[in-house]
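With the hints as constraints, model all of the structure from the sequences given.
Taken in order, these protein sequences are the chains called A and B.
With the numbering used here, letter number 80 in the first sequence gets 80, and the count goes up by one each step, no holes.
With the numbering used here, letter number 103 in the second sequence gets 103, and the count goes up by one each step, no holes.
Hints listed in this document are in silico derivations from the structure and should not be mistaken for laboratory results.
A few of these clues could be false.
[Claimed, not checked] Output of the computed footprint for chain B on chain A, the stretches with three or more beta carbons under 8 Å from beta carbons of chain B:
no.: 1; stretch: 9 to 15
no.: 2; stretch: 29 to 39
no.: 3; stretch: 43 to 52
no.: 4; stretch: 61 to 70
no.: 5; stretch: 79 to 89
Idealized CB from N, CA, C, for every residue including glycine.
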Amino acid sequence: MEPLSSYIILSSALLGIGIYGLVSKRNAIRLLFSVELIVNAANINLVAFARYSNPPMITGWNIVFFSIAAAAMEATVGLALILVAFRLNGTIDLRKLNRLRG
Amino acid sequence: MVDIAFLAISGLIIVSAIFALEVKELIYGAVGLAFSLIGVAGLFILLGADYVAMFQISVYVGAVVVLILFTIMLVRRESGKIVEQEEPSRLGRGGALVAGLVALAMAGAVIMLMPGSVEAPALYQVTLRELGRSLASSYAVPLVILGLLIGATVVGGLTLVKVEREEKSDGATQ
Numbered sequence: 001m002e003p004l005s006s007y008i009i010l011s012s013a014l015l016g017i018g019i020y021g022l023v024s025k026r027n028a029i030r031l032l033f034s035v036e037l038i039v040n041a042a043n044i045n046l047v048a049f050a051r052y053s054n055p056p057m058i059t060g061w062n063i064v065f066f067s068i069a070a071a072a073m074e075a076t077v078g079l080a081l082i083l084v085a086f087r088l089n090g091t092i093d094l095r096k097l098n099r100l101r102g
Numbered sequence: 001m002v003d004i005a006f007l008a009i010s011g012l013i014i015v016s017a018i019f020a021l022e023v024k025e026l027i028y029g030a031v032g033l034a035f036s037l038i039g040v041a042g043l044f045i046l047l048g049a050d051y052v053a054m055f056q057i058s059v060y061v062g063a064v065v066v067l068i069l070f071t072i073m074l075v076r077r078e079s080g081k082i083v084e085q086e087e088p089s090r091l092g093r094g095g096a097l098v099a100g101l102v103a104l105a106m107a108g109a110v111i112m113l114m115p116g117s118v119e120a121p122a123l124y125q126v127t128l129r130e131l132g133r134s135l136a137s138s139y140a141v142p143l144v145i146l147g148l149l150i151g152a153t154v155v156g157g158l159t160l161v162k163v164e165r166e167e168k169s170d171g172a173t174q
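The following block contains the structure:
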């Protein structure tokens, strides 16, 4: 069984990849990918801490259930918004969706 | 000591996450995301959380990724061409720098604050009965709120798409 720190390093790497996508990508669906990756990094941390606490706690699992469900809902609304934005503007490139720019 | 299964799974997660963000075609990106999420489920199994892994696969890979695939196909068909013509982004290098700094800071802070090397206690098999009891007793109210939230989300998504269509039929697009 590997030490807890390896899980933390892995989830930090996943968080870094997600932040990179959020900062540098222009496609709205790519941003949704990045958000999912960040949520998964948090879930890995939760399950790992729940497993390595002594005695192992079930609370982390329950929180991960709620987190997964909430992430699924967030993806649903985000995709609906992307679809609406595409129908209105004909693009999902975020640099071109600047009608609200003052 | 690091397990070989852990190494393989974390390699799968990281490589397919980078693939999902960097590949040209968006459809392949969604498939890469699916592989990354399956890798996370494998990590959950490694941590003894089988039921969470099942939930992860059925919700994420079964619902979210399929939804993303449908959206990509809809967006593509209506435009009749490949939507993504990504010019090389000027923000790419800066974004990578920021992301690397954040990841390093997070990992370093947590590892420095952690007392020594934490070893896992003996594997503790949580039965499904125990999990269900905790969800139905101490987490009953959040569960109901979650159900309400799912309902609101579905109604909200339908409304978003429907309102836009009515607007379009009036000819008032822009």
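Hints, one by one, checked against the model:
1. 9 to 15: Holds: 6 residues of the stretch 9 to 15 of chain A have a Cβ under 8 Å from chain B.
2. 29 to 39: Three-residue rule met by the stretch 29 to 39 of chain A, so holds; n is 7.
3. 43 to 52: holds (count 7)
4. 61 to 70: With 8 residues in contact (Cβ-Cβ under 8 Å with chain B), the coverage given for the stretch 61 to 70 of chain A holds.
5. 79 to 89: holds (count 9)
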